[in-house]
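Student: Chain by chain, the residues:
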Amino acid sequence: MNWLKNLITKESEPIKEFTTEDFETVKFKARIALVDDEEILHVKRLQKEGYSIVDYSDIDNVDEFIRKKYNVVILDIQGIGRKIAGSSEGWGLLKYLKDECPHMVIIMFTGADWSITKYQDLAKQADLFIGKDLEYLDFKSKLDSAIRIAFSPKFHFELEKKNLLKNISNADSLRQIEEIIYKYGRDKKRALKEIRKISTNPSVIQSTDNLLSIINSILDLS
Amino acid sequence: MSSDFPYCKISGKQIEFLNGKLLEIPKEYRKRGDEVNIQCFYKNLISKDVNSLVYGIDPFGFNYIIANNFCYVGLLFEGDNTSVFNNNRKKYSNYIFDKKLIIGLVEKERNLESFYEYVPIEIVTQNIHELRNLNSKISSNIDLLLNISEEDDWGTSFERSEENLKKIYVGSRLIKFILDNIKFYIPNYIEDLKIDYSRSFVVHKSLYKIVQIFKNDFKKKKSDISLDGKSFKKISGDKEVFEIVIMLLIENALKYSNDPTSIPPKVAIKEENNILLITISSFGNIIPEHEKSKLFSRGFRSTVHNSKVDGTGMGLHNAYKILKHFHSEVSYSTQIENSLIGWNNFTIKCSKIF
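Those sequence lines, one after another, are chains A and B.
No gaps in the numbering here: position 98 of the first sequence is 98 in the numbering used here, and each next residue is one more.
No gaps in the numbering here: position 213 of the second sequence is 213 in the numbering used here, and each next residue is one more.
The set of hints was computed from the structure by calculation and includes no laboratory data.
Just so we're clear, the structure is a prediction, and the values are computed from it rather than from any experiment.
One or more of the hints may lead you astray.
[Claimed, not checked] Here are the simulated lysine-lysine pairs, DSS-like style, with alpha carbons at most 25 Å apart:
no.	chain 1	residue 1	chain 2	residue 2
1	B	Lys91	B	Lys137
2	B	Lys294	A	Lys140
3	A	Lys48	B	Lys266
4	A	Lys140	B	Lys209
5	A	Lys188	A	Lys162
Could you build the full structure based on these sequences and the hints that come with them?
Tutor: Right, dumping it as structure tokens:
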């Protein structure tokens, strides 16, 4: 019966960001992919420390890759993605992944500043940049930052807000939806019921449904 | 390729006459009827394998100048005289140039084209990227060998490591420092830096690390840089970017010390009214009073150093600009006013600490 009690208590709790303490445990549950055609020694060390990171030399089937629902993807720029993105390589992959799954946190892994300048419009879509020559501890700290973003309900809400704004003209309604998500978000059914009182627009319901699924999949990790 | 002045080049079996960025090709070169004559003249000229610079007057009465198949045409050099040439002078007064000036420009262009003097910037940037990538391989391997798994362990792990491992680590970090400094020449690079303020770091640990790097550098005469004071205060931002500032200031201190072996630079850290003060001092020529305000300006080099030590005048400027991202500032002071020699102190003031 304890599990049921825990579940009920959990469901009635408002949505919050992970505390520093919780994050230190939950970060190891983040699904991370690194895509680089060269061997990156940091990956083995991260795996040893408990990070769930998969090492790819390229992405051959991007849709299959997307289905794996990675929270954080570290993308090299040169030598990958030619099949999908041609000469724009990693930048093209970034665009494809961000267009298909904007909630995926993507780190561009590069020391090529000339390339960032050349592809600056695409570069804006990246969530973070990691220099290739960072020491292991700095690399790990940057990766933790990315996981923190990926596990932040606020980050996902802000992304979905853009979709909601297309279908809601009233700022008050948006604020109310935000309040409902934070207050009842752990109980998806209840949250959707409350949201339907504000808007019956199918796009709004679909958008909040997606958002709640993402947030709950993260919160369930703790 | 394009040029500031009108020029010609072989295009298939024909000679093509093209406009320059500053001057268009005189219309005589476009006239039908004169084509055969002028085509023959320039074909003959360009097909000769001439390394040295050749110039003269063409059948249209314009000057040409050729070097390595690169040929300016349609110009008028001051001093040359023929009847056609004089007619052209009246018609094309904008096309009259000093011969020496044009020769100088053509030589410069030829050297650029033939890579005699300069390496193209694309090759430099591409190779810097490759170097950075290769350096990252050294860096990650040495990281693994040093086996530093926590920031708190850095000091003890580094100290107990073998000397040759320390050297490889230091070498790799100094290469990164050089490559980082090249990046700072990209316009607005520092201004556009995106700092991750969700990260934070203990400043003292960064100071300790950078001091160790310079203490273990490759000089035969070691400089025993001291680090005084202790603080556990943190600031927000990317540690590795802040560490570049410390490297810039310590490198500066070593460079401008009169004798860094017998009087090594000093680094000190202290807290004062919830402000963190980091001072990097070197014993050497004192910066004159009238130059103090320009010390952090781009490209500025003090008169007390510029003839003795090579430099670009970019280090202090870059440090100053990077520190703005950390809500910090750097200032210069000296203990003895009106003296020629003494301690030069650069103090970083970090006000947003926790």
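Student: Compare the structure with each hint and give your call.
Tutor: Verification of the supplied hints:
no.	hint	result
1	B:Lys91 <-> B:Lys137	violated (64 Å)
2	B:Lys294 <-> A:Lys140	violated (39 Å)
3	A:Lys48 <-> B:Lys266	violated (40 Å)
4	A:Lys140 <-> B:Lys209	holds (18 Å)
5	A:Lys188 <-> A:Lys162	holds (21 Å)
When held up to the earlier numbered hints, the structure conflicts with 1, 2 and 3 and fits the remainder.
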